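Q: Protein chains in written order, with the working numbering: chain A, 4 to 692; chain B, 4 to 692.
Note that these hints are calculated values from the structure, not bench results.
Hints are supplied without guarantee of correctness; some may be wrong.
No distinction is drawn between identical chains; accordingly, a pair holds when it is met within one copy or between any pair of copies.
Said to hold, decoys possible - Simulated crosslink set (EDC-like; lysine to aspartate or glutamate; CA at most 16 Å straight-line):
{"no.": "1", "residue 1": "K542", "residue 2": "D505"}
{"no.": "2", "residue 1": "K146", "residue 2": "E255"}
{"no.": "3", "residue 1": "K322", "residue 2": "E371"}
{"no.": "4", "residue 1": "K680", "residue 2": "E632"}
A quick note: this is a predicted structure, and the numbers were derived from the prediction, not measured.
2 protein chains.
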Amino acid sequence: MLPRGRPRAMGAVVLLLLLLVVGFFLFGRDPEYGLGTTATLDEKPYGSRNRSASSSQLLLPSKCEMLHVAIVCAGYNSSREIITLMKSLLFYRKNPLHLHLITDAIARNILETLFRTWMVPAVVVSFYDAEELKPLVSWIPNKHYSGLYGLMKLVLPSILPLSLARVIVLDTDVTFSSDIVELWALFDRFSDKQVVGLVENQSDWYLGNLWKNHRPWPALGRGFNTGVILLWLDRLQQTGWEQMWKLTAKRELHTLTATSLADQDIFNAVLKEHPNLVHPLPCVWNVQLSDHTLAERCYLEAADLKVIHWNSPKKLRVKNKHAEFFRNLHLTFLGYDGKLLRRELFGCPNQFPPGAEQLQQALAQLDEEEPCFEFRQQQLTVHRVHITFLPHQPPPPRPYDVTLVAQLSMDRLQMLEALCRHWPGPMSLALYLTDAEAQQFLHFVETSPVLSARKDVAYHVVYQDGPLYPVNQLRNVALAQALTPYVFLSDIDFLPAYSLYDYLRASIEQLELGSRRKAALVVPAFETLHYRFSFPNSKAELLTLLDAGSLYTFRYHEWPQGHLSTDYSRWREAQAPYRVQWSADYEPYVVVPRDCPRYDPRFVGFGWNKVAHIIELDAQEYEFLVLPEAFSIHLPHAPSLDISRFRSSSTYRNCLQALKEEFHQDLSRRYGSAALKYLTALQQSRSRA
Amino acid sequence: MLPRGRPRAMGAVVLLLLLLVVGFFLFGRDPEYGLGTTATLDEKPYGSRNRSASSSQLLLPSKCEMLHVAIVCAGYNSSREIITLMKSLLFYRKNPLHLHLITDAIARNILETLFRTWMVPAVVVSFYDAEELKPLVSWIPNKHYSGLYGLMKLVLPSILPLSLARVIVLDTDVTFSSDIVELWALFDRFSDKQVVGLVENQSDWYLGNLWKNHRPWPALGRGFNTGVILLWLDRLQQTGWEQMWKLTAKRELHTLTATSLADQDIFNAVLKEHPNLVHPLPCVWNVQLSDHTLAERCYLEAADLKVIHWNSPKKLRVKNKHAEFFRNLHLTFLGYDGKLLRRELFGCPNQFPPGAEQLQQALAQLDEEEPCFEFRQQQLTVHRVHITFLPHQPPPPRPYDVTLVAQLSMDRLQMLEALCRHWPGPMSLALYLTDAEAQQFLHFVETSPVLSARKDVAYHVVYQDGPLYPVNQLRNVALAQALTPYVFLSDIDFLPAYSLYDYLRASIEQLELGSRRKAALVVPAFETLHYRFSFPNSKAELLTLLDAGSLYTFRYHEWPQGHLSTDYSRWREAQAPYRVQWSADYEPYVVVPRDCPRYDPRFVGFGWNKVAHIIELDAQEYEFLVLPEAFSIHLPHAPSLDISRFRSSSTYRNCLQALKEEFHQDLSRRYGSAALKYLTALQQSRSRA
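Take these sequences, add in the hints, and give me the full structure.
A: See the structure below:
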């Protein structure tokens, strides 16, 4: 390769120098203005001691002009990665954005939910099905870790709308450190013939001298990196891009067998043949932290970095003497609270996503001085939701399968391993986390052999917003994502009997729940007050511990009515499931069909959140059947902040009372006189209190 | 005022228009380039639909040029506020900064510790004593909430070093949303005569028409706001600034009795007389969100906001239809992880603060593949420390007074109220929090009547960094900040007997600890496993509960050796303090003089952190005296993440073992053969294990 590559590389350098000089005369007094900083690593930047404001002399688009960005994104991990990119992009942007996301089904599912709940003003998102693109690129053998998806950037011109003249294409592993409008403005620097803007590749890969027998694809000098691309779409169409790259790729594949760097190899081979098509971009727009990076030559002199590209397979763990600096830039957005990006663009029309304006109005109408203001606000809050935050294998379809459903925050993370040991079946867990905590959670799972071995546990992150724990909103997120026909509605502090998963599936089958009965199977609840205790292996062992005073029925001292109807003394003797009747404040843990009623999201913070759900089940005529061999045990923990507030604040208790009353009003409206018994029970309990 | 003010205001508008036109011809094609955006609110910005890159045409200083910033800061709340300003400033800055902080003793104490531990490269901090400035301004009656400190901006030219030619002066309640270098560059726009750069005041305050009989100080039109000032110091000296403002102030005070807006009134009165001294800055450099703000006229049209000024006494709670937008900008930095700002400036010399380079090297030398890498890294980590995060009243000097010392993280916050009820004396608490959690903590204290009533509790925030809880580093921070002669070294999950504070002080006096004895008073530890239990009011009640099995001696089942030496059966009967001998793994809660040995910071995460400290006390020949009426009770909580990791990971246990061995080696080095007994005990316990 070398003898063939060199003269062309020299030619490219001359060409670039020429462009630079032209840029100098066209655009300003200081050559630095021409291309921001140098376009190739071998030149010394001009005027590095003095500098002008970034991108001076660029005429930026009007502040309401829409900028278009296309990204290919597939799978769970890329769907997480792209969010950090999005946060950095949105943090600095001041223009409306239209995102064109080419996704597989997994990424689409995740990102649709995320953007719908994120509600960022002045962001439009369109999805394109990556499946449809596969046949267009699957004939190209590719050794790069991005697989087929990496190659899809080649066919963007044929999938994006014809009305779209220009687009910025990004890899998911880039981080912005400046306003994308400055990058967009570089389209204006294109000559009439140029169709693609790229930054030089910041390693010697394409020079072919990295190791012995290294045979890279042909490129102009060091070639270009395709992590950040300015694509002039309509010109590409006119140039016959599709024919062009296919011809080149096919020809090179005769000798090269496969691409090593996916689309990038093909882009470079095409541009080597047609150097007039490429507009070289300043190096700061794609600072590449690959394993063999020469990026230092760019960033040590530059006044300002614009985009960081984590293009090593090691990503953030890449070795680099300035790694800490770059990591800090990235961590800034990794932990950044995404809701702060719900910022409007002053003076631009039609920027609000569906529902956002109504929501803002509803929030604005709340009275901050009203005692239950926090409750009202929390109920209205739309939380960002990131479903299946980690890789997940959906359970195979089985008619009697049960998913354990629960929710937690950071302080219950240590329950997860034990829970995994007790429940070998699928789980759907909602986690209420800050953006920073979500990263700690990721680390926690990755470093736990128990957790990382389990692919049937789906974790759904609901991002924190507001002072009260939105317990029922969390339960509904976890419930909506359960994929089996039945769900076990549990709480995170409970460990189920080791046999419970199997026993529940057998019971569902025996009781023929699927076909004829509308039932809620009750799993009796117990509690231990000891940190360490040996979990009973059977009902008999449990009863022994109960008699020895090592276990209690759940909340026996504090809140006996919560499980009164379960009738623990009958359970002791029971050999078969038995039916029980609803009574006031009943809140058992139950197994129900996945399509059961949702939890009432008005209950935020502590209190009555499960009680209301059980009332709903009863009102809809679910039978409560207690299972004779089922049990689950609550482990001790410090009282939550919400329960502490409930105990110490009469306002808090009054607000909860108000919620209960509103709930009953709604209940009467929906169930008429059938709901009378719940109201009577409520009034009786109030008169007792 | 109005008839007098108007013609001059008109004159000012004409002058500004003139400047703008001159700016147009001098600086660019587009008038917007001249002043960024308009300098007065009454003009429509030019070219608001098209825009250039921000501050185009400004020639920025070289990237290593030092910029100087002066800020007056006094008291606990301003010391918190200034940190958010600093974070926003550091986030965008790309130049070395020299901060000139004019502080009272409180702010100095807090900020010196903070900046020393923050270790931000390329930031120099100088402190100036505000006490010395008081006499220079105390003769001016002032009604503004900033008090005397507000006025100090007037005398900055006489206190800052003569070598300092130019400085940017900021109020603590501003937030940056851009690089301060662009503001600094505006000095170049000053004419030869101009000495001070200011943004127009964005309310009608100085027009005097806000309410009936409102008599503001004289000003040019709407006057100027002094939240952001460009001061050309050497020119000010030459102009005779000191004489000038004093003369003006004295004259106006004949009729106006006091300033309403502190320094700002005087600045405006001076500039009204000498309009040639002021250089009007673009409105975006001080977007004022005061109660009567007209800022909308600025920001709705501007392409870019540079500095937000929360100049309402309501601060973030100010009513404004775009309040959410501005709050989000502010919250971005309020919750921003400050350690991410430890970013070097590429290519600038001598930027590292004391110790930073050695620390970096030590960290770089660690082997990431070594099994105990996380422990090594955590031990080396320098955490940012914000002492006395909330307003605090130091206890009056009393010879036998005791401070309760403890540490906690967010998940133990709900212990604080109970602790306050049990311990009426001073406390020094270290909190291990993220920046975002520190804000939640602030909210928690503000909304708790119990906590906000207690001014003798000092909260010291140690910012989170790394995966292991740095328990002993936290204890040392809390211990170092205790201000009484004695300290009770407790843990956050313990509630002391109601009488303990009084009893300890009496015991210290009776035992004459102050003069002759080197003693550690042991407070026997118990535990309950119940969430709710009624706390014993006396030793007799405690013994009854113990006999009833409602209480246990602490960790009786799991770790009896921790409190074996305390000898609970002797304590039952004891009427007087009794001496006990050290035994292996002894870790009682003790009362010692404040100058006791520090905790060994190598113990991070779970395990052996108190044991090592008690060994240290024993090695230094402290007597252990058990107090017969003292007790404290541990409340139940879920196991911490660290203890879970200890239990589940053999690597974790091996690393702890390695730490123990290193500790013993150091012990032998320091105490020679006297330390032999500790090593023997360790070896015996290992052979038992």
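Q: Could you run down the list of hints and mark each one as holding or not?
A: Against the structure, the hints come out as follows:
1. K542 x D505: within (15 Å within a copy, 51 Å between copies)
2. K146 x E255: So K146 and E255 pass the 16 Å test inside one copy only (15 Å; across, 80 Å).
3. K322 x E371: between (51 Å within a copy, 11 Å between copies)
4. K680 x E632: neither (31 Å within a copy, 55 Å between copies)
In terms of the numbered hints stated before, the structure departs from hint 4 and from no other.
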